[in-house]
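Number of protein chains: 6
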Amino acid sequence: MIITRKIEFSASHVCRKPELSEEENRRLFGLAANPQGHGHNYVVEVSVEGQPDPVTGMVLDLKELKDVLTREVVTPYDHRFLNYEVPPFDRIVPTAENIAHDIWKRLEPHLVGDRRKLRQVRVYETPDLYVDYFQEDVCSG
Amino acid sequence: MIITRKIEFSASHVCRKPELSEEENRRLFGLAANPQGHGHNYVVEVSVEGQPDPVTGMVLDLKELKDVLTREVVTPYDHRFLNYEVPPFDRIVPTAENIAHDIWKRLEPHLVGDRRKLRQVRVYETPDLYVDYFQEDVCSG
Amino acid sequence: MIITRKIEFSASHVCRKPELSEEENRRLFGLAANPQGHGHNYVVEVSVEGQPDPVTGMVLDLKELKDVLTREVVTPYDHRFLNYEVPPFDRIVPTAENIAHDIWKRLEPHLVGDRRKLRQVRVYETPDLYVDYFQEDVCSG
Amino acid sequence: MIITRKIEFSASHVCRKPELSEEENRRLFGLAANPQGHGHNYVVEVSVEGQPDPVTGMVLDLKELKDVLTREVVTPYDHRFLNYEVPPFDRIVPTAENIAHDIWKRLEPHLVGDRRKLRQVRVYETPDLYVDYFQEDVCSG
Amino acid sequence: MIITRKIEFSASHVCRKPELSEEENRRLFGLAANPQGHGHNYVVEVSVEGQPDPVTGMVLDLKELKDVLTREVVTPYDHRFLNYEVPPFDRIVPTAENIAHDIWKRLEPHLVGDRRKLRQVRVYETPDLYVDYFQEDVCSG
Amino acid sequence: MIITRKIEFSASHVCRKPELSEEENRRLFGLAANPQGHGHNYVVEVSVEGQPDPVTGMVLDLKELKDVLTREVVTPYDHRFLNYEVPPFDRIVPTAENIAHDIWKRLEPHLVGDRRKLRQVRVYETPDLYVDYFQEDVCSG
Numbered sequence: 001m002i003i004t005r006k007i008e009f010s011a012s013h014v015c016r017k018p019e020l021s022e023e024e025n026r027r028l029f030g031l032a033a034n035p036q037g038h039g040h041n042y043v044v045e046v047s048v049e050g051q052p053d054p055v056t057g058m059v060l061d062l063k064e065l066k067d068v069l070t071r072e073v074v075t076p077y078d079h080r081f082l083n084y085e086v087p088p089f090d091r092i093v094p095t096a097e098n099i100a101h102d103i104w105k106r107l108e109p110h111l112v113g114d115r116r117k118l119r120q121v122r123v124y125e126t127p128d129l130y131v132d133y134f135q136e137d138v139c140s141g
Numbered sequence: 001m002i003i004t005r006k007i008e009f010s011a012s013h014v015c016r017k018p019e020l021s022e023e024e025n026r027r028l029f030g031l032a033a034n035p036q037g038h039g040h041n042y043v044v045e046v047s048v049e050g051q052p053d054p055v056t057g058m059v060l061d062l063k064e065l066k067d068v069l070t071r072e073v074v075t076p077y078d079h080r081f082l083n084y085e086v087p088p089f090d091r092i093v094p095t096a097e098n099i100a101h102d103i104w105k106r107l108e109p110h111l112v113g114d115r116r117k118l119r120q121v122r123v124y125e126t127p128d129l130y131v132d133y134f135q136e137d138v139c140s141g
Numbered sequence: 001m002i003i004t005r006k007i008e009f010s011a012s013h014v015c016r017k018p019e020l021s022e023e024e025n026r027r028l029f030g031l032a033a034n035p036q037g038h039g040h041n042y043v044v045e046v047s048v049e050g051q052p053d054p055v056t057g058m059v060l061d062l063k064e065l066k067d068v069l070t071r072e073v074v075t076p077y078d079h080r081f082l083n084y085e086v087p088p089f090d091r092i093v094p095t096a097e098n099i100a101h102d103i104w105k106r107l108e109p110h111l112v113g114d115r116r117k118l119r120q121v122r123v124y125e126t127p128d129l130y131v132d133y134f135q136e137d138v139c140s141g
Numbered sequence: 001m002i003i004t005r006k007i008e009f010s011a012s013h014v015c016r017k018p019e020l021s022e023e024e025n026r027r028l029f030g031l032a033a034n035p036q037g038h039g040h041n042y043v044v045e046v047s048v049e050g051q052p053d054p055v056t057g058m059v060l061d062l063k064e065l066k067d068v069l070t071r072e073v074v075t076p077y078d079h080r081f082l083n084y085e086v087p088p089f090d091r092i093v094p095t096a097e098n099i100a101h102d103i104w105k106r107l108e109p110h111l112v113g114d115r116r117k118l119r120q121v122r123v124y125e126t127p128d129l130y131v132d133y134f135q136e137d138v139c140s141g
Numbered sequence: 001m002i003i004t005r006k007i008e009f010s011a012s013h014v015c016r017k018p019e020l021s022e023e024e025n026r027r028l029f030g031l032a033a034n035p036q037g038h039g040h041n042y043v044v045e046v047s048v049e050g051q052p053d054p055v056t057g058m059v060l061d062l063k064e065l066k067d068v069l070t071r072e073v074v075t076p077y078d079h080r081f082l083n084y085e086v087p088p089f090d091r092i093v094p095t096a097e098n099i100a101h102d103i104w105k106r107l108e109p110h111l112v113g114d115r116r117k118l119r120q121v122r123v124y125e126t127p128d129l130y131v132d133y134f135q136e137d138v139c140s141g
Numbered sequence: 001m002i003i004t005r006k007i008e009f010s011a012s013h014v015c016r017k018p019e020l021s022e023e024e025n026r027r028l029f030g031l032a033a034n035p036q037g038h039g040h041n042y043v044v045e046v047s048v049e050g051q052p053d054p055v056t057g058m059v060l061d062l063k064e065l066k067d068v069l070t071r072e073v074v075t076p077y078d079h080r081f082l083n084y085e086v087p088p089f090d091r092i093v094p095t096a097e098n099i100a101h102d103i104w105k106r107l108e109p110h111l112v113g114d115r116r117k118l119r120q121v122r123v124y125e126t127p128d129l130y131v132d133y134f135q136e137d138v139c140s141g
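Chains as they are written, first to last, in my numbering: chain P, 1 to 141; chain R, 1 to 141; chain C, 1 to 141; chain W, 1 to 141; chain U, 1 to 141; chain A, 1 to 141.
These are calculated hints, taken from the structure and not from any lab test. Be aware that a few hints might be false.
[To be verified] Below, computed lysine-lysine pairings styled on BS3-like, alpha-carbon distance capped at 27 Å:
1) U:Lys17 with A:Lys117
2) R:Lys6 with W:Lys63
3) W:Lys117 with P:Lys105
4) P:Lys63 with C:Lys66
5) U:Lys66 with U:Lys17
[Said to hold, decoys possible] Quick list of simulated restraints, FRET-style, between CB atoms:
6) A:Lys6 with P:Gly30: 20 to 26 Å
7) C:Ser21 with R:Pro109: 37 to 43 Å
8) C:Glu23 with A:Asp128: 40 to 46 Å
9) A:Pro76 with C:Pro54: 49 to 55 Å
10) C:Arg27 with R:Arg26: 38 to 44 Å
11) W:Glu64 with P:Val74: 28 to 34 Å
12) U:Gln51 with P:Val74: 39 to 45 Å
13) U:Arg26 with W:Thr70: 17 to 23 Å
14) P:Lys117 with R:Gln36: 47 to 53 Å
15) P:Glu108 with W:Val112: 29 to 35 Å
Just so it is clear, the structure is predicted and the values come from calculations on it, not from any experiment. Glycine included, C-beta positions come from ideal geometry on N, C-alpha and C.
So that you can see chain P by itself, here it is in the shape it has in the complex (with noise of 0.2 Å):
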């Protein structure tokens, strides 16, 4: 069973690679490259799959996973400049496939645990372009 529970921030960010070219950035990253940065109303989806216990009924505490997210996503995300703010996005550019990366890395710690494990995480950049990030494995037979 997978639970996911949905989290937002607002952030700015900017797609280019110092060591290329103005007209190389364009390239890669179209209008995302300009250099001031632009943002977006991220929203994340989280899912843990697991058990329910047989008690509680449910696969986790609801409460202490929104305490996690808070401080481990919202907290140090929300309304920043992820580039200039949010290691590492002072070395890495922050994609969306680089920001799902990067949260799963935060939370998954987290949310292991005996009976669950970190499923997947879901970045809508904006609600046309979303990213899922997952561990490989999770089909291999």
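On the provided structure of chain P, position chains R, C, W, U and A as indicated by the hints.
Below, chains R, C, W, U and A without anything else, positioned relative to chain P:
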């Protein structure tokens, strides 16, 4: 191929275990432990996997699917206080997890067929929290 | 200029008049007359009209607005059975119409100001049904 | 990692088989058998699986993806009567299932690459009904 | 107070005037002039203004409202090609503007009452384009 | 009759007044005062009031409307840091209120006509917060 249909119902529930103390219930279930109950507009997505019929191009008859969902889920659940009016929630806590499992059990015998099977039941308790129930062996090699 | 903020709460209600017969209640309120009650995820949009402050560019302090909405609406309504726990719904039927009117009365004294006034309260009982309450004289000449 | 982009088009279709009787068509397809046709705002979610490029942090070039989706899907489908103007729907019934399969076939040659592959095509016929088409061997061991 | 109920139907239409040239039709209506037609999932919000009944707390009987909307709008419009099957669209172009006006004329006689009147008809042709029809004198002094 | 079209853009902004202290800015604008800025997916609904043309059945040419909205709003605002790249936000705080007013001023000269006028500009900063700008005399007698 998977076809998914969304249905909705409005119901009340309370998340508490009578054998536990008030304090323990509040710790486990938070506001949801309020014994008077509270309610949600539940949204359910039912997914059936199969091959489209070569003549009709459909995995299953949508009219028949709608009739099954209405009869087996909407009619018994809609405008009910789940704990008092919808078994098995007189015995187990109506968390989203347990509701998803119960809907699976109600639907599965009516949706299995030669070329198809029930694949997943998703239950949204709110737009920000949902649960997916599916058979454990979906991805086994 | 009008600024609108959305809030949500989950609650139970039952639409019936104790002084009427079961048959009469069912005729008037349909499934909503079920005496055990049922519930909704209510969504409320609160609209305040005013002129933006020339310095801050804001009609009102959003932090203050959020505090008022939480204290006056979310805290008393959320995770409650309205008929039994939230006056005046011990005396009047908690239809969406009456809920919108009650929220107006709770908020109006806290949102009126020199350069602003409460303009409208919208209550969604479901995504397909909503009610707007506003002062009767809004459009009088 | 999977990246998903949403596109939309508006089209007409009719679900009927010319070789069947009117009565048989109505039984199989219900209102959708009306020979004059009817229409939908179709929403399509195209999912590509791959590893992000270490330099750009992107699974694929979003500008290129948008161009492919526009050229291969939106341009031929949008504002068309599918049965009369978009092959193969002169020969097979344009159910959501068959539309998803056709979109897969149109996109797959353009989206496969060294580090990526088309993972899934989801087609919403209405907000309450959608179909997922994917390769059969996705989960094989 | 205003109560609004949302309904949906799927239909085809074509926007062209037979007395104009192909070139002129394309200039006026763009892709929507394609003579084969195309379709939409139309969403309609019908708003009725009135005072809640002091006993029931409702502006109008929701069951009665639903029956009127189904009988007067959904049944004649749903799964139809508007130009060929739904008068007056054999004579006037079924733009969103004209559809909203036609729905107003169909509903108004059935929704007017002692304590209430039809206030507005909103028609979404797509999620990004909608039209509001209302009586011209709504705001006159 | 009113026709409304939705557009979207992604941008960064920061809400602070350079002449105020850090403490004062934090008190007035909260997290939005972070000098590095943050961003949103802004959604704008532009409403034009008029009478449909008797021949075309349209209040205005939708293609022309889209061109105006793209040229006057999306192109200058999209993927920009409003404070640094979009006047007048070098001088006034880019709150949702001020953005709505600026969009009104950019659009109004292009949308006024013999049979129509700009009626309202709605700006969603997030799905939970929006502002409506309209002419003060809309409802005067």
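Hint consistency between Lys117 (chain W) and Lys105 (chain P) [alpha-carbon to alpha-carbon, up to 27 Å]: holds (25 Å)
Assessment of proposed distance window 38 to 44 Å (beta carbons of Arg27 (chain C), Arg26 (chain R)): The hinted range 38 to 44 Å holds for Arg27 (chain C) and Arg26 (chain R), with Cβ atoms some 40 Å apart.
Hint consistency between Lys6 (chain R) and Lys63 (chain W) [alpha-carbon to alpha-carbon, up to 27 Å]: violated (33 Å)
27 Å limit on alpha-carbon distance, applied to hinted pair Lys63 (chain P) and Lys66 (chain C): Holds: Lys63 (chain P) and Lys66 (chain C) sit about 21 Å apart, inside 27 Å.
Distance restraint hint 39 to 45 Å, applied to the beta-carbon atoms of Gln51 (chain U) and Val74 (chain P): Since Gln51 (chain U) and Val74 (chain P) have Cβ atoms about 44 Å apart, the given range 39 to 45 Å holds.
Outcome of range test on Cβ distance (Ser21 (chain C), Pro109 (chain R); 37 to 43 Å): For Ser21 (chain C) and Pro109 (chain R) the Cβ distance comes to about 39 Å; the hint holds.
Pairwise beta carbon distance, Glu64 (chain W) to Val74 (chain P), judged against the given window 28 to 34 Å: With a Cβ separation near 33 Å, Glu64 (chain W) and Val74 (chain P) satisfy 28 to 34 Å, so the hint holds.
Status of the given 17 to 23 Å range, CB of Thr70 (chain W) versus CB of Arg26 (chain U): holds (20 Å)
Satisfaction of hint between Lys17 (chain U) and Lys66 (chain U), Cα-Cα up to 27 Å: Violated, at about 34 Å.
Consistency of beta-carbon spacing, Asp128 (chain A) to Glu23 (chain C), with hint 40 to 46 Å: With a Cβ separation near 43 Å, Glu23 (chain C) and Asp128 (chain A) satisfy 40 to 46 Å, so the hint holds.
C-beta pair Lys117 (chain P), Gln36 (chain R): status relative to the range 47 to 53 Å that was hinted: violated (36 Å)
Outcome of range test on Cβ distance (Pro76 (chain A), Pro54 (chain C); 49 to 55 Å): violated (24 Å)
Hints 2, 5, 9, 14 from the earlier list are contradicted by this structure; the remaining hints agree with it.
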